[in-house]
Every structure is written in C-alpha cells, then in structure tokens.
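Enquirer: Spelled out, the chains give:
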Amino acid sequence: MNRPAQKAFIVFLVVPSFLILAAVVFYPFVYNVVISLSNMNLRHIKDWSLVGLQQYYKVFFEPTQPNFYLVFLKTIIWTVVNVFFHVTLGVALALLLNQRDIKGRPLFRTLLILPWAIPQYIVALTWRGMFNYEYGSINLIITKYLNLPAVEWLKSPAEAFLACILTNVWLGFPFMMVIALGALQSIPHEFYEAANIDGASWWHKLRHITIPLLRPVMVPAITLGTVWTFNSLNIVWLVSNAGEPSDQTHILVSFVYKAAFNLYRYGYAAALSMVIFAILLVFSLYFMKKTRATEAAY
Amino acid sequence: MNATARKPYRVINTKSFLRRFFTYAVLILFAAIAVYPILQVVTVSLRPQDKLLSTSLQIIPENATLVNYVSLFRDRPFLLWLGNSTLVSLVVTMTGVLLAAMTGYAFSRFRFIGKKIGLLSLLTTQMFPATMLLLPLYIMLIKLGLINSYLGVIIIYTATALPFTIWTMKGYYDTIPYSLEEAARIDGCNQFEAFYKVVLPLAAPALVITALFSFMTAWSEYLVAAQILQDTHLWTLPLGLKSFESNMSTEWGLYGASSLIVTVPVVILFQALSRYLVSGLTLGSVKG
Amino acid sequence: MLNSLSSAAQVVRNLVLVTLLVLLAGCAKKADPHRIVIWHQMRVDDRLVLEDQIREFMAQHPGILVEQIYKETEELRSGFIVAAIAGQGPDLVYGPADQVGPFEVMGIIRPLEDLFTQAYIDSFIPEATCLYKSHLYQLADKLGNHLVLIYNKDLLPTPPETDVELLRVGKELTRDTNGDGKTDRYALTWNYTEPFFFIPFLTGFGGWVMTDDGTPTLDTPAMVEALKFIRDLRDRYHIIPGEADYNVADALFKDRMAAMIINGDWSWAGYKKAGINFGVAPLPRITSTGIWPAPMVAPRGYSININVAGEKLPLIVELLKFLMRPDIQLRTAKALWSMPTRREAAESEFVRSDPVLRNSALQISRGRLMPMVPELRAVWDAMRPSYQAVLGGATTPERAAKAMQELAIRKIREMNE
Numbered sequence: 000m001n002r003p004a005q006k007a008f009i010v011f012l013v014v015p016s017f018l019i020l021a022a023v024v025f026y027p028f029v030y031n032v033v034i035s036l037s038n039m040n041l042r043h044i045k046d047w048s049l050v051g052l053q054q055y056y057k058v059f060f061e062p063t064q065p066n067f068y069l070v071f072l073k074t075i076i077w078t079v080v081n082v083f084f085h086v087t088l089g090v091a092l093a094l095l096l097n098q099r100d101i102k103g104r105p106l107f108r109t110l111l112i113l114p115w116a117i118p119q120y121i122v123a124l125t126w127r128g129m130f131n132y133e134y135g136s137i138n139l140i141i142t143k144y145l146n147l148p149a150v151e152w153l154k155s156p157a158e159a160f161l162a163c164i165l166t167n168v169w170l171g172f173p174f175m176m177v178i179a180l181g182a183l184q185s186i187p188h189e190f191y192e193a194a195n196i197d198g199a200s201w202w203h204k205l206r207h208i209t210i211p212l213l214r215p216v217m218v219p220a221i222t223l224g225t226v227w228t229f230n231s232l233n234i235v236w237l238v239s240n241a242g243e244p245s246d247q248t249h250i251l252v253s254f255v256y257k258a259a260f261n262l263y264r265y266g267y268a269a270a271l272s273m274v275i276f277a278i279l280l281v282f283s284l285y286f287m288k289k290t291r292a293t294e295a296a297y
Numbered sequence: 000m001n002a003t004a005r006k007p008y009r010v011i012n013t014k015s016f017l018r019r020f021f022t023y024a025v026l027i028l029f030a031a032i033a034v035y036p037i038l039q040v041v042t043v044s045l046r047p048q049d050k051l052l053s054t055s056l057q058i059i060p061e062n063a064t065l066v067n068y069v070s071l072f073r074d075r076p077f078l079l080w081l082g083n084s085t086l087v088s089l090v091v092t093m094t095g096v097l098l099a100a101m102t103g104y105a106f107s108r109f110r111f112i113g114k115k116i117g118l119l120s121l122l123t124t125q126m127f128p129a130t131m132l133l134l135p136l137y138i139m140l141i142k143l144g145l146i147n148s149y150l151g152v153i154i155i156y157t158a159t160a161l162p163f164t165i166w167t168m169k170g171y172y173d174t175i176p177y178s179l180e181e182a183a184r185i186d187g188c189n190q191f192e193a194f195y196k197v198v199l200p201l202a203a204p205a206l207v208i209t210a211l212f213s214f215m216t217a218w219s220e221y222l223v224a225a226q227i228l229q230d231t232h233l234w235t236l237p238l239g240l241k242s243f244e245s246n247m248s249t250e251w252g253l254y255g256a257s258s259l260i261v262t263v264p265v266v267i268l269f270q271a272l273s274r275y276l277v278s279g280l281t282l283g284s285v286k287g
Numbered sequence: 000m001l002n003s004l005s006s007a008a009q010v011v012r013n014l015v016l017v018t019l020l021v022l023l024a025g026c027a028k029k030a031d032p033h034r035i036v037i038w039h040q041m042r043v044d045d046r047l048v049l050e051d052q053i054r055e056f057m058a059q060h061p062g063i064l065v066e067q068i069y070k071e072t073e074e075l076r077s078g079f080i081v082a083a084i085a086g087q088g089p090d091l092v093y094g095p096a097d098q099v100g101p102f103e104v105m106g107i108i109r110p111l112e113d114l115f116t117q118a119y120i121d122s123f124i125p126e127a128t129c130l131y132k133s134h135l136y137q138l139a140d141k142l143g144n145h146l147v148l149i150y151n152k153d154l155l156p157t158p159p160e161t162d163v164e165l166l167r168v169g170k171e172l173t174r175d176t177n178g179d180g181k182t183d184r185y186a187l188t189w190n191y192t193e194p195f196f197f198i199p200f201l202t203g204f205g206g207w208v209m210t211d212d213g214t215p216t217l218d219t220p221a222m223v224e225a226l227k228f229i230r231d232l233r234d235r236y237h238i239i240p241g242e243a244d245y246n247v248a249d250a251l252f253k254d255r256m257a258a259m260i261i262n263g264d265w266s267w268a269g270y271k272k273a274g275i276n277f278g279v280a281p282l283p284r285i286t287s288t289g290i291w292p293a294p295m296v297a298p299r300g301y302s303i304n305i306n307v308a309g310e311k312l313p314l315i316v317e318l319l320k321f322l323m324r325p326d327i328q329l330r331t332a333k334a335l336w337s338m339p340t341r342r343e344a345a346e347s348e349f350v351r352s353d354p355v356l357r358n359s360a361l362q363i364s365r366g367r368l369m370p371m372v373p374e375l376r377a378v379w380d381a382m383r384p385s386y387q388a389v390l391g392g393a394t395t396p397e398r399a400a401k402a403m404q405e406l407a408i409r410k411i412r413e414m415n416e
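Chains as they are written, first to last, in numbering that gives the first Met the number 0: chain Z, 0 to 297; chain B, 0 to 287; chain S, 0 to 416.
Just so you know, nobody snuck in bad clues.
In silico DMTMM-like cross-links for lysine to aspartate or glutamate, where the CA-CA straight-line distance does not exceed 25 Å:
| id | chain 1 | residue 1 | chain 2 | residue 2 |
| --- | --- | --- | --- | --- |
| 1 | B | K241 | S | D51 |
| 2 | S | K320 | S | D44 |
| 3 | S | K152 | B | E61 |
| 4 | B | K196 | B | E180 |
| 5 | Z | K45 | S | E73 |
| 6 | Z | K257 | S | E405 |
| 7 | S | K311 | S | D31 |
| 8 | S | K333 | B | D74 |
Calculated from the structure, these hints are not laboratory results.
With the sequences and hints as input, model every part of the structure.
Expert: Next up, the structure:
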C-alpha cells in the first residue's frame with residue numbers, strides 16, 4: 000500500500016473513535032480543572048470565582064475524618080487485593096474451563112458469569128444482608144459448619160472493609176475469566192504439543208507458554224481493571240452503607256462523592272478528583288513502561 | 000480390541016482422573032459461590048411482601064408467589080424499558096465493535112505519530128471519577144440539544160466502552176503474526192481485504208469480548224441515562240429499576256423480579272457468542 | 000460472524016440509518032407552555048394517588064398536560080440542582096421541607112406568597128406554610144415524615160406508655176423462641192445507622208440538634224443521657240438486637256421477630272401489605288425527665304423552579320389549588336394515612352376517628368418541626384459517625400457528644416466557605 004493511501008487508511012480507522020472520545024471527555028475534564036481552582040460550593044453555586052490552589056491545599060492539609068492519607072492507603076489496598084484475586088481466579092477458572100474433556104462447560108460458563116450479568120444494586124445489598132452478624136448467611140455458615148466464632152462484619156472497620164472486598168471479588172472475577180478465555184484461544188496448540196513432547200510439567204507450560212502469551216490481551220484488562228477498581232464507588236458505598244462504621248470504610252472516590260453531594264463542596268471534590276486522576280496517571284505510566292504494553296507482542 | 004491397547008490407558012488414567020476431579024470440584028464450588036447470592040434475589044422476587052432480608056434461610060419462601068413477575072409486566076411499562084434498552088444497547092454494541100475493530104487494528108499494525116500518546120490518552124479517559132463529570136456533561140449536552148434523545152446517550156456509552164475495547168482488540172491483533180496478512184497480500188488482496196478476510200475472523204474471541212463489554216456498558220449504565228433521559232417513555236431498564244427504589248420503601252419484590260429478568264438477555268447474548276469466544280480457531284490451522 | 004459482512008461500507012450505511020431512526024424516535028420535546036412537569040420522590044402508593052388526581056385534573060382542564068416523574072430522594076436533590084443551574088429542570092419539585100434551605104441558597108426556587116391570597120394561605124395549618132427567610136418557598140400537602148412506635152398487636156396488645164413500661168414488657172417479649180440458645184425475638188428494633196431515628200430519644204431527654212440560626216447544640220447532657228439510654232437498651236436490658244440497619248429492622252418486624260419497631264409513616268402501608276396486625280402509638284414518655292419524645296416532623300410539598308416562565312405560573316397555581324383541595328386531601332389521607340394540611344381536612348371527622356391517624360396526629364402534636372436550614376445536613380453528617388460508634392462500642396457517650404459537636408461546627412464551616 001503506498002504511503003498516502005496508508006495514511007488515509009490509518010486516519011479512517013483512528014479518527015472517528017478519537018473524535019467521539021474527545022467530545023465526551025475533553026470538555027468535562029477541562030471544566031473540572033477549572034472548578035477545582037474555584038470556590039464552587041453551596042454559597043457560590045452560580046457565581047463561583049477562581050481562587051487558585053486553595054482547594055488543593057485543603058485536600059492535602061485539611062484534617063478530615065477520615066484522614067486523606069489513610070483513605071489513600073486503603074484505596075491502594077482495595078485495588079491491589081481486588082485486582083489480584085480477580086485476575087488469579089479469572090485465569091485459573093478459564094484454564095480449568097479450557098480443557099476439552101470437561102463436560103458441561105457451557106453450563107459452568109453461564110453460571111460463573113452470573114455475578115457480572117446481574118444488576119449490582121440489589122446483589123450488593125444482598126451481600127450486605129449476608130454479612131449481618133445475627134442473621135446473615137456468612138456467619139451462619141461460619142458458626143454452624145466451620146465451628147468458628149461469628150464475625151462482626153459491619154461494625155468494625157477492618158471487617159467491613161473486608162466485606163466490601165469479598166463482595167467486589169465475587170463481582171469481578173467473571174469479567175477476567177471471560178477475557179482470559181478469549182485470550183487462551185490466541186495461543187497456538189503447537190506450542191503445547193511441542194512442550195508435551197519435551198515432557199514439560201503443567202507448571203512449566205503455565206509459566207513459559209500460557210502466561211507470557213496471555214499477556215498482550217490481559218495487560219489492557221489488568222491496567223484498566225486497576226484503574227476501574229481504584230475508582231469504583233458502588234460496592235464500597237452499598238455494602239458499607241456509605242462508609243459505616245463511622246465513615247471509616249471509604250476509598251478515595253466514595254470520599255469525593257460524600258464531599259460533593261452531601262455538602263455541596265463541588266470545588267473541593269473537583270480538586271480531589273484531579274488528585275485521584277494524577278495518582279492514576281503516574282501509576283499507569285509506570286505500569287505501561289514496565290510491561291511495554293504499547294508495543295507489539297511478537 | 001487387543002490387550003496391548005488397554006495398558007497405556009490405565010497408566011494415564013489416574014493422573015487425568017485426578018486432574019478432572021480437581022477441575023470439577025473447583026468449578027462446582029465456584030459455581031455455587033457465584034449462584035448463591037443470586038438465589039437470594041430469586042427468594043426476594045418470590046416473596047409477596049417487599050422484604051429484602053429475612054431471618055429464615057429458605058430459598059423458596061413461605062407464601063411464594065409469582066405476583067411480582069406478573070405485576071412487573073402488567074402494572075409497569077417494563078416491556079417499554081426492555082425495548083428501549085435493547086435498542087440502545089444493540090446500537091452501542093454495533094458501533095463499538097466496528098470502531099474498536101478498526102482503531103485497534105491501526106494501533107496494532109502501524110507506526111504513526113501520536114500512537115503512544117493516543118494509547119495513553121485512551122487510558123486517561125478512564126481515570127476520572129464518573130460522578131464528577133455529570134454536571135459539565137449535562138451542560139454540554141443541553142447546549143448541543145442532545146438532552147432527552149438517544150443520540151446523546153449512545154455517543155457517551157460508545158465513548159465509555161471504547162478505551163477498553165480498542166486496547167483489547169489491539170492486544171489480540173498483536174498475537175496474530177503479520178506474516179498472515181503478507182501472505183494474503185501476495186495472493187492479491189489489498190490491505191483492507193487482508194484485514195477483514197484474514198485477521199478479523201481470527202480475532203473473533205476479542206470481538207466477542209468487545210461486543211459483550213459494549214453491550215453491558217449500555218445495558219446497565221445508570222448515571223448518564225438518568226441525567227439525560229427525562230421523558231419516561233424514553234427510559235431504559237436501569238432507570239426503570241431505579242423507580243422501584245425509594246429511600247426507605249423500596250419495592251423489593253418488583254426489584255428482585257426485574258433484576259433477574261434483566262440478567263436474561265445478557266446471558267442469552269453470552270451463550271450466543273460463546274461459540275466464538277472458545278472457538279479454538281487456532282493459528283496452527285491457518286499456518287499450515 | 001464477520002464473514003457475512005459483504006463490505007464495511009454497507010455496514011456503515013446501515014448503522015447510519017439505524018442511528019437516524021433512533022434519533023427521530025428519541026427526539027426532545029420542546030418546552031411546552033401547556034405542559035407541567037413535576038419531579039417528586041413519592042413512594043409507590045403515594046405516586047398512584049397522585050397519578051389519579053392528575054388524571055382528574057387533566058380531564059377537567061383539557062389542553063393542559065401534567066407529567067409526574069419519580070426520582071429517589073438523593074437523586075432528586077442532585078438532579079434538580081444540576082438541571083436548574085443549567086436553566087432547565089421540572090416546573091415543580093416535590094419533597095420534604097429540608098430541601099428548601101439548600102435550594103434557596105442556590106437560587107433555584109422562587110417564592111410563592113405572591114401567587115396566593117393571604118386568606119388562602121391561612122386556610123392551611125401553620126406548619127405547612129412555614130416561612131423561610133420571610134418567604135414562602137413550599138406549599139405542603141402532607142405533614143408527617145415522623146417516627147412513631149409501631150407494635151404488633153398479636154404479640155403485644157397494649158403498647159407501653161413510658162420507658163419503664165417499655166423495659167418491663169421488653170423483658171417478657173425478648174426471648175429465644177426456638178430453643179437454640181440464642182435470642183431470636185426482640186422487643187424493639189429500629190434503624191441504628193441513621194441519626195434521624197435517634198432524634199426522639201434525644202428530645203425525650205430534653206435535647207435538640209440546633210438553635211434557630213443553625214448553630215449545633217450536640218454536646219449537651221441530654222445527648223449523653225440519650226446515648227446512654229439506647230446503649231443500655233442493648234447492653235444492659237438486652238431488648239434490642241445487636242445490629243440493625245433499615246432493612247434488617249424492617250425484616251425483623253415483618254417476620255414477627257420484633258414486637259415493636261420505631262419507623263415512620265411511609266412504612267405503614269408496607270406492614271399492612273405484609274399482613275401484620277399492627278397498631279400505631281406515640282413514643283413512650285421518658286420517666287426521668289417527664290418529657291414525651293418529639294420526633295422530627297416535616298411537611299412535604301411543592302416548590303416552583305426559578306426557571307419557570309411567567310406565563311406558566313397561573314396554570315401551576317391552578318394545579319396546586321386543585322391538589323390542595325380539602326376533599327382531594329381527604330381522599331389522599333384515606334388512601335395513605337397521610338396527615339392533610341388544609342385546616343378543613345385536618346380537623347375532619349375522618350382524621351379524628353381513624354385509629355392510625357388519630358395516634359399519628361397525637362404524635363405529630365408532640366413532635367417538633369424539622370429545621371429547614373442547609374446546616375441540618377452537616378449536622379446529620381456530623382452525628383452519624385459518633386452515633387454509630389457508640390452503638391458499636393467504639394466510644395463513650397460523653398466523647399461521642401463532644402465529637403459530634405466539633406465535627407458539626409467544622410462541617411458547617413466547610414459548607415459555607
């Protein structure tokens with residue numbers, strides 16, 4: 000293909016997507032940057048004015064309950080633990096489902112995808128109900144079948160956080176499983192056949208064939224999964240009933256949400272959002288560099 | 000059947016038996032874990048009295064009734080919401096697949112100025128907490144006259160799904176050797192034909208993921224739809240479901256029933272597409 | 000799957016056609032001078048009643064179209080704010096009185112007193128036409144939102160009238176009904192997570208949340224006493240469950256695992272539907288202070304969006320006058336057990352004789368109006384963590400009261416900066 004035709008082809012392929020993205024994302028982003036430098040809140044909602052970096056100062060130095068840095072730490076823990084389990088469980092289940100001699104695979108696939116398919120609101124509240132100290136199924140199973148003492152899930156900060164994590168892991172592994180299933184199809188069978196002839200163990204095959212060749216497709220999912228999990232408001236909000244106990248169960252986004260929508264502090268919330276954005280940007284740049292995700296695999 | 004044919008079978012049997020046993024055990028365990036909370040939702044939908052929780056652990060409650068399901072279709076415009084959501088989601092899926100397939104290909108095959116920045120910018124669009132984008136989005140849509148129309152919603156949903164889908168398509172294309180297209184070109188195809196005749200079919204699993212993801216984005220999205228679609232006859236399923244919610248008087252029976260029904264099309268779509276997801280269209284067969 | 004595509008161009012063409020179709024299907028309605036849009040947060044039963052009344056109104060006024068759209072309370076608040084600031088939004092917004100404060104500060108609702116005669120306004124009970132900053136911003140059609148003591152008549156024929164009686168019947172009612180060693184039936188339950196449900200206890204010991212100008216008054220002996228009281232109900236007298244949010248408390252009462260529940264007027268219809276033989280009673284008096292607990296009482300009503308064109312106002316006034324007619328209000332009261340706001344309806348035979356409404360009216364008379372100032376929100380946010388911490392055993396009532404007060408002052412300052 001000659002150069003001008005190739006250039007035209009590239010433009011044809013790329014520009015429509017980016018046009019839409021620019022329109023939908025660019026303006027709100029700029030708007031938020033501006034608001035983060037303003038004093039928009041209850042008293043200044045139509046007549047806000049620019050006030051410089053005041054809101055950012057508040058984000059970093061104003062004592063809040065809970066403490067910003069603690070919430071930041073919690074968010075990191077939240078993200079790492081969730082993504083780790085999503086990916087390991089998802090890939091493991093995909094590998095198990097990829098074996099030809101297992102019967103009933105369509106049924107298993109369908110059942111395992113249900114957590115992703117069902118609307119989150121009711122299922123998150125159902126999980127919250129399952130964590131109830133006296134009546135929830137989780138404690139009933141723990142006390143009856145495992146003979147362990149019941150856990151006060153929703154009353155203690157650490158346990159409440161754990162409850163949110165468990166719910167989110169349950170919700171998130173099907174997605175990674177589907178991606179992994181798809182990614183597994185891209186691995187040519189000859190690699191495995193050759194390894195079998197060489198007498199390789201399943202661990203060896205996993206480490207040296209499967210995982211490296213899953214990477215091109217899994218890396219986008221993991222990167223985006225991390226960003227999404229970092230910013231996922233719903234589950235933490237619903238399972239902990241907006242931060243219980245005592246506003247301790249928060250990640251950065253739920254913290255932002257409370258600031259903005261409970262007390263109308265839009266300028267502050269915008270600044271906090273920009274800080275979240277910066278954190279994620281730094282992480283992604285670092286992660287992408289490490290995995291060389293922008294380059295081709297072969 | 001001679002005796003020698005049976006011997007090796009027996010030796011391999013134990014190892015493969017263990018493997019299969021382990022596989023079934025894990026799959027059954029996880030399937031049970033996946034399904035249990037959903038069964039609770041079934042219970043909620045069968046209760047006549049709008050109760051989310053219960054002190055009893057029964058799956059089929061006392062006085063189980065289907066009245067919620069009947070009421071859903073008879074007393075609420077559920078079919079209307081279903082139709083609206085289907086329309087919007089299908090359009091988003093088609094545009095999403097089309098755009099992602101094309102753009103991902105460009106990012107995979109070509110080197111061009113701004114490629115790296117382009118990919119990075121895709122990622123950055125996801126980093127902003129969505130709730131903060133609502134007010135500016137609303138103002139922008141009012142100015143463009145897109146409030147209360149599906150066009151605005153479709154555009155936003157497509158944009159929301161694009162970063163992930165483009166990137167996934169690119170990643171998948173990256174695993175397909177360029178040599179295949181070269182072979183096709185030698186056989187007389189131009190670049191575009193090589194793309195959709197040779198590469199695209201091989202990328203079917205990724206297309207399935209793209210389709211599912213785009214569909215789910217449109218099917219289950221609430222915030223944007225709530226802000227844009229003001230007329231009740233335009234409501235999509237998430238808005239309809241939300242109307243059952245009330246600060247302290249949620250109609251749990253209807254909510255449970257509708258949540259389950261809403262899951263069905265997703266499952267159907269997944270079933271229909273899974274063939275292509277695990278088709279095992281391996282590259283080995285093409286290479287020869 | 001893709002092999003059936005004959006060419007990308009054909010796909011694109013189809014896509015464009017479908018999109019145009021969809022566009023046309025979802026076209027925006029232009030602002031219509033004869034179309035009134037109401038946004039509200041009414042629960043289902045209230046909605047149906049409103050729908051009927053609107054239909055009647057439209058039948059009597061052909062040419063006017065009235066639409067009502069439900070939004071969940073928080074959604075309604077933020078959705079209306081966003082829409083109104085952008086110059087759009089519904090014509091009428093319906094909700095509890097505490098939405099008036101923030102809306103007024105943001106300048107998104109308009110005063111109403113110039114649209115009605117003084118005589119008309121005086122025909123309402125005074126609580127329904129509260130002035131805020133010397134203007135009338137909301138015309139209320141229901142008075143209530145108050146907590147009462149709801150009891151299961153099958154388990155408890157007569158409700159307790161004092162806290163001492165409550166403890167006595169409580170001990171009898173709380174028991175292990177299935178012999179597994181764990182208490183599974185409790186005398187009383189309520190939503191422990193929302194400070195709103197704590198207010199009756201606070202007022203029973205003589206406390207209140209703020210002064211008239213919005214300064215919080217949370218660090219008081221009354222607060223400490225009230226917190227101690229509920230903690231004792233659980234840890235000393237054991238008549239309430241260990242953990243209960245709204246759904247748990249509701250489930251317990253509906254499962255007959257709680258003899259009494261403290262809940263509001265929105266929940267009665269649900270208990271009737273669940274087949275509970277329930278009764279409504281005022282909350283029991285606190286003997287040590289001699290005070291009847293005063294739950295917060297709030298009117299619910301309509302406010303007008305500031306963006307509404309002047310020509311539409313007479314139509315809106317017509318609609319409001321219709322909905323506020325005493326006979327219409329009585330119909331609503333009969334269907335929903337709501338307390339009407341026109342004097343004629345509120346003093347009618349029906350309201351005075353119906354057992355539920357009679358007790359509800361008694362409780363309202365002992366209640367206290369919910370403040371309308373925006374600061375209330377900050378106070379709730381300040382109370383919530385400490386209140387939950389006391390019930391969770393993480394702090395003492397004295398420390399909690401101090402923490403609440405400090406946090407409230409800080410949050411109010413942050414909100415008003």
